[in-house]
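Let's have the full structure, built from the sequences with the hints guiding it.
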Amino acid sequence: MNRRFILGAVSIVLSGTCMAAAQSTWHVSTTGNDNNPCTLPNPCASIARASTLAMPGDTVLVEAGTYYGSFQTRASGRSSAYITYQSETPWGAVLVQGRSGSVWGNYGNYVVINGFEIVGNPLSVGVNGIYTQAEFTVITHNKVHGILPNTCNGIGGSGIQLDSGHDEVIGNYVYQIGPQRGSPGYPCTYVHGIYFIKPYGLAAENIVFQTSGYGIHEWHQASDIEAVNNTVFNNGFGGILVGNDGSQQPTQNNNSFTDNNIVYGNGKYGIHECCTKKFTGTCNVFNNNLLYDNPSAIKLQTGTQNDAPIANPLFAHYTGDANGDYHVQSTSPAIGQGLMSDRNSCGISVKFPAYDFSGNPRPKPRGTAFDIGAYESE
20 MNRRFILGAV SIVLSGTCMA AAQSTWHVST TGNDNNPCTL PNPCASIARA
70 STLAMPGDTV LVEAGTYYGS FQTRASGRSS AYITYQSETP WGAVLVQGRS
120 GSVWGNYGNY VVINGFEIVG NPLSVGVNGI YTQAEFTVIT HNKVHGILPN
170 TCNGIGGSGI QLDSGHDEVI GNYVYQIGPQ RGSPGYPCTY VHGIYFIKPY
220 GLAAENIVFQ TSGYGIHEWH QASDIEAVNN TVFNNGFGGI LVGNDGSQQP
270 TQNNNSFTDN NIVYGNGKYG IHECCTKKFT GTCNVFNNNL LYDNPSAIKL
320 QTGTQNDAPI ANPLFAHYTG DANGDYHVQS TSPAIGQGLM SDRNSCGISV
370 KFPAYDFSGN PRPKPRGTAF DIGAYESE
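Sequential numbering from 20 applies to the sequence shown in my numbering.
Just so you know, the hints here were simulated from the structure itself, not pulled from any lab data.
There may be inaccurate statements among the hints.
What follows is a set of in silico ranges between Cβ atoms, one per label pair, in the way DEER data are often shown [said to hold, decoys possible]:
# : residue 1 : residue 2 : range
1 : R362      : P60       : 47 to 57 Å
2 : T49       : S368      : 41 to 51 Å
3 : D344      : G386      : 15 to 25 Å
4 : T58       : C365      : 27 to 37 Å
5 : P203      : M359      : 37 to 47 Å
6 : S368      : S119      : 41 to 51 Å
7 : S119      : R97       : 26 to 36 Å
We treat Cβ as the ideally placed atom computed from N, Cα and C, and that holds for glycine.
Below, the structure is given as structure tokens:
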């Protein structure tokens with residue numbers, strides 16, 4: 020049995036296309052007006068307005084500039100024709116949170132959200148940067164930061180939250196989520212970088228740091244999640260958590276793969292399989308992760324691990340914040356030590372995305388194995 024439902028979407032998105040040729044392109048600009056028809060000469064002012072026109076296969080192209088206020092999108096594509104929301108220049112379209120709501124709440128299936136900068140508002144009561152409650156959402160190459168800087172409570176929150184199945188988070192740069200070190204409420208077990216709530220999902224090639232809780236968090240009804248080739252460091256509580264709260268079906272996180280990750284300098288745990296033993300399964304695997312400077316490197320309860328060295332990854336320039344360079348040096352133990360695919364004891368096999376955070380192919384022609392972490396070495 021092969022559970023690899025996502026590889027096709029990953030490879031197509033990372034190669035710059037989207038399932039099918041776009042039928043129409045709808046334009047958004049800071050100089051636009053939502054009474055306009057969203058064309059290039061007469062753009063509209065908001066993504067929300069453009070989304071009401073989008074049909075399967077269409078693109079909503081957003082000009083560089085700053086756009087204020089939280090919003091929602093509800094248009095759905097289909098499996099052969101995703102709707103693509105695209106920043107015209109990478110991180111050039113800056114979306115700033117309003118006083119309430121997630122910066123972007125998506126409720127349409129089969130969509131791609133690509134290349135935006137998502138910025139929190141310290142005065143907002145909204146709890147997420149990007150939130151999707153729609154299946155087959157691909158969230159890729161976004162910068163997400165500054166969400167919930169002053170709040171830690173049981174409502175929780177995240178930089179990117181996946182509240183449906185078959186969603187993918189690829190190549191995002193997520194940081195400063197929740198109260199920061201030295202602030203009341205730090206660390207916070209409720210606020211995380213990338214947060215999976217439902218089964219079947221992928222987090223790959225992401226760089227996640229300075230979150231109050233975990234960099235990547237699988238909880239509630241999470242199961243069958245792949246967290247692979249991420250670089251996760253300097254998070255308040257831990258790097259990666261794999262768990263399930265047992266409250267609804269599926270009541271067990273099982274068949275999850277946590278492989279090829281660099282997990283460095285987190286507050287308590289590097290990788291944590293948690294918390295009630297009957298809510299995690301024996302088919303979870305944790306292979307070829309590089310762990311360093313975590314008080315508890317890896318704590319499992321039902322899953323299995325292989326080849327998880329405790330070694331300094333030798334970042335090019337580690338600062339623990341957005342000023343660092345998280346490529347690895349030429350002598351790093353991460354180079355050539357990752358898996359290209361994996362298989363668990365229950366017969367589930369997966370292949371991993373063949374591109375790194377920057378879109379470079381994995382492995383390099385000279386290699387036969389991936390590097391560990393979000394970057395493939397030059």
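Quick rundown of the hints versus the structure:
no. : hint                       : verdict
1   : R362 with P60: 47 to 57 Å  : holds, 54 Å
2   : T49 with S368: 41 to 51 Å  : holds, 47 Å
3   : D344 with G386: 15 to 25 Å : holds, 22 Å
4   : T58 with C365: 27 to 37 Å  : violated, 52 Å
5   : P203 with M359: 37 to 47 Å : holds, 45 Å
6   : S368 with S119: 41 to 51 Å : holds, 44 Å
7   : S119 with R97: 26 to 36 Å  : holds, 31 Å
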